[in-house]
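Participant: Single-letter residue listing:
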Amino acid sequence: MKTINIRINGEAVSRPVDDRLSLADFVRDHCLLMGTHVGCEQGVCGACTLMMDDKPVRSCITLAVAADGSDIRTVEGYGDDPLMREIRRAFNRRHALQCGFCTPGMLATAYDVLSRIADLDRDRIRSELGGNFCRCTGYLPIIQAIEDVHAQRGRSASKSVIQAAE
Amino acid sequence: MKPAEFSYTRAVTLSDALGSFASSTLGRVIAGGQSLGPMLNLRLAEPRELIDVSRLVELRHTRIEGDRLAIGACVTHAEIEDGKIPDVTVGLMPFVASGIAYRAVRNRGTIGGSIAHADPAADWLTTTIALDASLLLSGAAGQREVRVSDFVRGALDTAIGEGEIITYVLVPRLSSAACWGHAKYAKKPGDFAQSMAVAVVDPERRGARIVLGQRAEPPRLMCNTSELLAARGCAPPPPDLGAAIEADLTDAQIEVGDRSMHRAIVARAVQDLAA
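Same order as they appear, the protein sequences are chains A and B. This note's numbering applies: residue 1 is where the first sequence begins, and numbers increase by one. This note's numbering applies: residue 167 is where the second sequence begins, and numbers increase by one.
The set of hints was computed from the structure by calculation and includes no laboratory data. Treat each hint with caution, since some may be false.
[Claimed, not checked] Pairs of lysine-lysine residues, derived as DSS-like cross-links and limited to a Cα-Cα distance of at most 30 Å, are as follows:
#1 K250/B to K354/B
#2 K354/B to K55/A
#3 K2/A to K55/A
#4 K168/B to K354/B
#5 K168/B to K55/A
#6 K250/B to K55/A
#7 K353/B to K2/A
#8 K168/B to K2/A
#9 K353/B to K168/B
[Unchecked claim] Here are the in silico distance ranges between beta carbons for each label pair:
#10 K250/B to C136/A: 35 to 41 Å
#11 G373/B to G100/A: 53 to 59 Å
#12 R425/B to A151/A: 42 to 48 Å
#13 H227/B to D121/A: 32 to 38 Å
#14 E11/A to T179/B: 28 to 34 Å
#15 C136/A to R398/B: 39 to 45 Å
#16 Q42/A to Q437/B: 34 to 40 Å
#17 E393/B to C136/A: 51 to 57 Å
#18 Q42/A to G320/B: 18 to 24 Å
[As the list claims (entries may be wrong)] Computed from the model, here is a short list of chain B residues facing chain A with C-beta under 7 Å:
#19 P169
#20 E171
#21 F172
#22 S173
#23 Y174
#24 T175
#25 G199
#26 A211
#27 T228
#28 E231
#29 Y268
#30 A270
#31 R274
#32 R310
#33 G356
Backbone N, C-alpha and C define an ideal beta-carbon position, used for all residues, glycine too.
Produce the complete structure using the sequences and hints provided.
Facilitator: The following block contains the structure:
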């Protein structure tokens, strides 16, 4: 057992854990944040993806002890973050989920893709989603949701440039 | 699917890590854990001790050393992709990094860890052998340098010694006249390659190295193809390219069914040189 100190969704958590406990199980079983889903447990399906120090990571193949001192954000922790609000709305509008199992990982990946990559097109979105499996939607609605948010953000950015020029 | 029990230690200094590794029984070094993590969960690896080196400042450094770039073993794929460290390969390493698994894996996976794991289908082995890179290994007895091509002995099998840790990946600087080509076939983006090839041609320095990576055996230096291209520099491929590739693939080690795939991938990497 080792005691780890982590910030989860802005809250400091200090707790003794087994050395072999995964970050995913820590988040779910110790912090009772069930939004992080555990699928393949070998880093392939993407369902357990969450933000660690603002970067998406696989929580099923990250040890809780290795995350000591880090800042974790799970799907429960976005509050009224403006980008995540837009992503959620677009997922809703496009029916980008059915059973919802992959959705927390999809949202984390979408958040990362939209904030990291400026020149997004459909091919790039498809390849970026290669690490997140969805067995319901056939992916198209998810891709369209991300495209929608990207287009919307492009419009509002160019609008503010025009306003600034005026 | 949970790992067998082990005790975990986070090393504070490199000598601390080498000390605990040398005195451990059935211990393993872990960095980003993107290869070892799945193996622990599947219980394909059951170490008694894990020594985490991922936050060692010594292994996160990158510096120019004469004609080479010394990349700290714990630099992540994402850091190489994003240009957070200098590039001496005319863009080859950032390009390769961007195609490793998925961003969430690249954020934690390290170059040293990937090479130490030595999955023959993984991107860094084939790439660093094409670049004729070496590794600096540190152990209780001191340091030694070994070429990546000599380090890899087979699938998941390396020449690493008892108690040794990869500390740096030493990449020779390509001249500005150099060009590279890359081709990879995987069943989906981010999957391990069924076949991949990296071609590096540097007319001013070390000639040409064309390397084929695949699942069954360590990356293979395509000798005939490399020789043919060394004579031509970065010019478009010669008509006898096919024969040279064929000559490099005619042995019992490669299954007949895979041969045409490898032929096409190597040819594509060579064509990519001129692109």
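Participant: It remains to establish, for every hint, whether it holds in the given structure.
Facilitator: Against the structure, the hints:
Note on K250/B and K354/B: the hinted pairing holds, with a Cα-Cα distance of about 27 Å set against a maximum of 30 Å. Only pairs whose Cα atoms come within 30 Å are accepted, and K354/B paired with K55/A is accepted, the gap being roughly 23 Å. Using a Cα cut-off of 30 Å, the hinted pair K2/A and K55/A holds, with the two alpha carbons roughly 24 Å apart. For the given pair, K168/B sits about 27 Å from K354/B by alpha-carbon distance, which is consistent with the 30 Å threshold.
Of the supplied pair hints, the one linking K168/B and K55/A holds, its CA atoms being roughly 24 Å apart against a limit of 30 Å. Annotation: proposed proximity of K250/B to K55/A holds, straight-line Cα distance about 15 Å (limit 30 Å). For the proposed pair K353/B and K2/A, the alpha carbon gap of about 40 Å is over 30 Å, so the pair is violated. Distance check on the hinted pair: K168/B and K2/A sit about 18 Å apart at the alpha-carbon level, within 30 Å; holds.
Distance hint between K353/B and K168/B is fulfilled; the C-alpha atoms sit about 28 Å from each other, no more than 30 Å. Restraint check, K250/B to C136/A: a C-beta distance of roughly 37 Å satisfies the suggested window 35 to 41 Å. Checking the proposed 53 to 59 Å range against G373/B and G100/A shows it holds: the Cβ atoms sit about 55 Å from each other. Distance hint for R425/B and A151/A: a CB-CB separation of about 46 Å, consistent with the stated range 42 to 48 Å.
H227/B and D121/A have their C-beta atoms about 36 Å apart, which keeps the hinted 32 to 38 Å range intact. Taken as a hint, the range 28 to 34 Å holds for the pair E11/A and T179/B, whose Cβ atoms sit roughly 32 Å apart. Checked against the hint of 39 to 45 Å, the C-beta distance between C136/A and R398/B comes to roughly 52 Å, which is inconsistent with it. Judged by the Cβ atoms, the range 34 to 40 Å given for Q42/A and Q437/B holds: they are separated by roughly 35 Å.
Under the hint 51 to 57 Å, the C-beta atoms of E393/B and C136/A, about 53 Å apart, fit the expected range. One distance hint, 18 to 24 Å for the beta-carbon pair Q42/A and G320/B, holds here, with the actual separation near 23 Å. Because the beta carbon of P169/B sits about 4 Å from the nearest beta carbon in chain A, less than 7 Å, this interface hint is met. Evaluation of the E171/B hint against chain A yields a held restraint, the C-beta minimum of about 6 Å falling below 7 Å.
Because the beta carbon of F172/B sits about 6 Å from the nearest beta carbon in chain A, less than 7 Å, this interface hint is met. For the restraint placing S173/B at the interface with chain A, the shortest Cβ-Cβ distance is roughly 5 Å, inside the 7 Å limit, so the hint holds. Given hint, Y174/B at the interface with chain A, holds; its Cβ is 4 Å from that chain's nearest Cβ, closer than 7 Å. Look at T175/B: its Cβ only gets to about 9 Å from chain A, farther than 7 Å, so that hint breaks.
At about 6 Å, the closest approach between the beta carbon of G199/B and any beta carbon in chain A falls short of 7 Å, and the interface hint on this residue holds. Using the Cβ-Cβ criterion of 7 Å, the hint placing A211/B at the interface with chain A is not satisfied: the shortest such distance is roughly 12 Å. With 7 Å as the threshold, the beta carbon of T228/B stays out of range of chain A, its nearest partner Cβ sitting at about 19 Å, so the hint is violated. Interface restraint check for E231/B: the shortest CB-CB distance to chain A comes to about 29 Å, outside 7 Å, so the restraint is violated.
This hint holds: Y268/B has a C-beta 3 Å from the nearest C-beta of chain A, less than the 7 Å allowed. At a threshold of 7 Å, the smallest CB-CB gap from A270/B to chain A is about 4 Å, leaving the interface hint in force. With 7 Å as the threshold, the beta carbon of R274/B comes within range of chain A, its nearest partner Cβ sitting at about 5 Å, so the hint holds. For the restraint placing R310/B at the interface with chain A, the shortest Cβ-Cβ distance is roughly 29 Å, beyond the 7 Å limit, so the hint is violated.
For G356/B, the interface hint holds, the least distance from its beta-carbon to any beta-carbon of chain A being 4 Å, beneath 7 Å.
In this structure, the earlier hints numbered 7, 15, 24, 26, 27, 28, 32 are contradicted, and the remaining ones agree with it.
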